[in-house]
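One letter stands for each residue in the lines below.
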Amino acid sequence: MWWNPTRLDFEPVHQHGWNLGIGFLPHHELQAMEQCCERLNERVVQAKVDHNYPETKSLSVNLRRSLSRLRAVAMARKEVLFECRQVQRLWMELWALLDYIEIFEPYMEGCVPPATETAKVIGCFVLNADVAERLFAAGIPYWFIRPISSFVKENILSITSIVQPQDKLELEDYVPPFPRIYVGDSNYNRFRAISEHGLKSLRYTDLFSDGNPRGIKPHEFEQAGPSRNTRDLRTRHQPCKLLHSFS
Amino acid sequence: MPPALQSWQSALSAVDRDPKYLYSSTKLADNDGKYAFPEPGLFCSGNNPHRRNRFLTLWTTIRDLCIYRLASNAPEVRLLSNQDWRTLLHGHEPNQQTMAGKSRHFLTSLLSPEATALGIDISNLHQVSNREYTVRETQEHMWGISELSFRFELLILDRRALDRRLFEGRHQDLDSLVREELVLRCFYFRPNQPRHLATVSVRNARLGLASPDVRDRLPYLHALRRVMFEWDDYHRHHVARLPTLTAEAPENELLHYEYALARFYTQSYFRYFGRAAIIPRTLPDT
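Going down the list, the protein sequences come from chains A and B. Note that the first sequence covers residues 1 to 247 in this note's numbering. Note that the second sequence covers residues 1 to 286 in this note's numbering.
Isolated chain A, as found in the complex (with noise of 0.2 Å):
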């Protein structure tokens, strides 16, 4: 599941010899993806979690959506690598989540002893002693983060220098840049931003709402649009007889 896809990752499809510009990932990418993502749905089924985590069910759902649209819609090659991304988000966050419930949260709610190794995941950072602790007897590494105020006689045995984004992550926009989808701190709406704007490409386009971004309320459009030439309608194109003389 986890590779960084980059634009050599699109197979264009060749009608008649045409290339339109639109295509698929390669197929054995796409192959390794649902393999992994069988085995992570067949994670959910045995969890039986669902009933008291009903985000399972709908990251699990999601998950499949979205990589089905990946295998059946030849698509432009940004989309592509988007799309494909998004199914590995969808896939880590699932992931995520049946760590938690299985692994972490028992830690956390003191039903078994404290975890005894440091946990392989990535931490976070922590305002909150309360979590912090919760979080130390799950085993999961944190950044508790204190006003310098606070720090009184504590010992303190080593000072580390902060890693620059710029010097490990690929922080220059595709070409041409995605939309901005979010301005602000990275918090829970910095998540929600992410994971609302992934889902809206498997939304499809309301082809009769003229631009409505509710949908279509049929109510609201009546009497607003030119008349139905209503005169025409009996000798309008009829497909039914036409299909019925050629079958």
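Rather than coming from a laboratory, the hints here were simulated on the basis of the structure. Note that beta-carbon positions come from the ideal geometry of N, C-alpha and C, so glycine has one too. Treat the hints with care, as some may be off.
One side only, chain A facing chain B, incomplete, derived with CB under 10 Å [claimed, not checked]: (1) L20; (2) R64; (3) L70; (4) E79; (5) I101; (6) F104; (7) K200; (8) L202.
Put chain B on the given structure of chain A with help from the hints.
Below, chain B alone, put in the same frame as chain A:
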């Protein structure tokens, strides 16, 4: 043309096209009365093999692009009239000096909005060389167009016909992703196929709603009824009072059940979109 199922063909022929049955006497949106995919009859009208081969060549070239523009959240998708499709599928060289040429130029930009930035280019469609299609290949492509059209028409009719008053206290069920799940249940997918409206395979042309045996069609008819259950007018229509049949029911009752559902569907389509619906078809056995 691959054969339509008898119940669906009869239901389509029985649609009452009196304007008084239209939901609105005015067009509700620019796309009203237009087509997401070319109307299958375009390919066969006039019994002109040269034109049919030309249309099929162009269609198979742009098919994936047509699906892509529908199966996305593009800000705006313009559907095409029959005349527009005919012009596009002729695939002559764009020519700014003539009306027809300007029209083709306009259509190529319409079919791929914001396309250039994404690397999509269909301006050279006129250079695609014709190929010959056998009768079987033609039937398979006609089946594919009918199936795609029916699926997407069902999806968009569901959006327009939903009676939102039935969703008091459960607005989450109005979510387009929830409704799409119901629509997907109307179609057969093999276990290894992606469950997506665009997954249209001739290997499934005699399965699901298109199965030759009405008993095999029954689960998919129930799924269609489940979708229509929340449409405006459903509960005033006699189809709402039909019993839910099992596969053990006599064949004539099952066929009547199918006809009643198809009749409600095709009349609803006319009611909201002012034109005949595209109906599901099957393929003759090889």
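Restraint check, 10 Å cut-off on beta carbons, for R64 of chain A near chain B:
holds, 7 Å
Against chain B, run the beta carbon of E79 of chain A and see if the smallest gap drops under 10 Å.
With Cβ-Cβ at 7 Å, under 10 Å, it holds.
When the nearest CB of chain B is found for L20 of chain A, is that gap smaller than 10 Å?
With a minimum Cβ separation of about 5 Å from chain B (threshold 10 Å), the hint on L20 of chain A holds.
Taking 10 Å as the limit, does the beta-carbon of I101 of chain A come near enough to a beta-carbon in chain B?
violated, 23 Å
Hint validation: L70 of chain A versus chain B, beta carbon distance must be below 10 Å. Holds or violated?
holds, 8 Å
Given hint L202 of chain A near chain B, where the shortest CB pair must fall under 10 Å
holds, 6 Å
So, as I understand it, the hint says K200 of chain A touches chain B; can you test that by seeing if any CB pair is closer than 10 Å?
OK, holds: K200 of chain A within 10 Å of chain B, min 5 Å.
Interface hint status, F104 of chain A versus chain B (Cβ within 10 Å):
violated, 29 Å
The structure is inconsistent with the numbered hints 5 and 6, although it conforms to all the rest.
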